[in-house]
Amino acid sequence: EAGVAQSPRYKIIEKRQSVAFWCNPISGHATLYWYQQILGQGPKLLIQFQNNGVVDDSQLPKDRFSAERLKGVDSTLKIQPAKLEDSAVYLCASSLVSREPSASGTQYFGPGTRLTVL
Amino acid sequence: RKEVEQDPGPFNVPEGATVAFNCTYSNSASQSFFWYRQDCRKEPKLLMSVYSSGNEDGRFTAQLNRASQYISLLIRDSKLSDSATYLCVVHQDSWGKLQFGAGTQVVVTP
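Chains D and B, in that order, give the protein sequences.
Residue numbers for the first sequence follow the working numbering, beginning at 1 and rising by one.
Residue numbers for the second sequence follow the working numbering, beginning at 1 and rising by one.
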């Protein structure tokens, strides 16, 4: 079974530039998550999609970050304009649709995109 | 106060020894709990769920104490390959939102 795919793996940009990340979840997983992981910290949820609808975007800095999942499969996360503090690994994860906590607690992560903002 | 707190470590453990560490959580309504493992520069992967009665998976034992709001992980007979950061994860709501701790680093030495 193919895992969660992300691209690019690495990106270096200057502050105030724009950047976009792409994620393809595991086939059949309706729930998709974007996390930001700053060095030395745990992943922080930015946005959660259920199919193509947003379930939770309470921690997404909406003045500069946006995300979409138009057809309920692939997703893109965009930062515009980037700041130095956006340097982090951006992880995409997916899980099955389930209200059973033990099932939805199993999230499968992609390899991440390591963003460096100079 | 952070929602999920962990001792960052590192815990330096001789090969073959036992190591244990805890994680505390602040939301008493949290529904379920997990340990994820994250190797250096890799993505997190589910290690095990944590059940109220405690559970084992090979050399790994997880415990939950709801009264004191902490979970623990014990690793017996440590292997070099157990060197990683262990993330404590709390399931916050029915839609699957997970709250991650910052992780406990374990370094197993020969």
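Simulated from the structure, these hints should not be mistaken for laboratory data.
Please note that a few of the clues may not be correct.
[Claimed, not checked] Residues on chain D that point at chain B, a partial pick, calculated with CB under 7 Å:
{"no.": "1", "residue": "Q41"}
{"no.": "2", "residue": "G42"}
{"no.": "3", "residue": "G53"}
{"no.": "4", "residue": "D57"}
{"no.": "5", "residue": "P81"}
{"no.": "6", "residue": "T106"}
{"no.": "7", "residue": "F109"}
{"no.": "8", "residue": "P111"}
[Claimed, not checked] Taking CB as the label site, the calculated pair distances span:
{"no.": "9", "chain 1": "B", "residue 1": "N22", "chain 2": "D", "residue 2": "T116", "range": "28 to 38 Å"}
{"no.": "10", "chain 1": "B", "residue 1": "Y51", "chain 2": "D", "residue 2": "K15", "range": "24 to 34 Å"}
{"no.": "11", "chain 1": "B", "residue 1": "T109", "chain 2": "D", "residue 2": "L39", "range": "35 to 45 Å"}
{"no.": "12", "chain 1": "D", "residue 1": "K71", "chain 2": "B", "residue 2": "E56", "range": "40 to 50 Å"}
{"no.": "13", "chain 1": "B", "residue 1": "S53", "chain 2": "D", "residue 2": "T116", "range": "39 to 49 Å"}
{"no.": "14", "chain 1": "D", "residue 1": "V55", "chain 2": "B", "residue 2": "S53", "range": "23 to 33 Å"}
No residue lacks a Cβ here, since even glycine has one placed at the ideal position from N, Cα and C.
Determine which of the earlier numbered hints do not hold for this structure and return their numbers in increasing order.
Violated hints (numbers, rising): 3, 4, 5, 10 and 11; every other hint is consistent with the structure.
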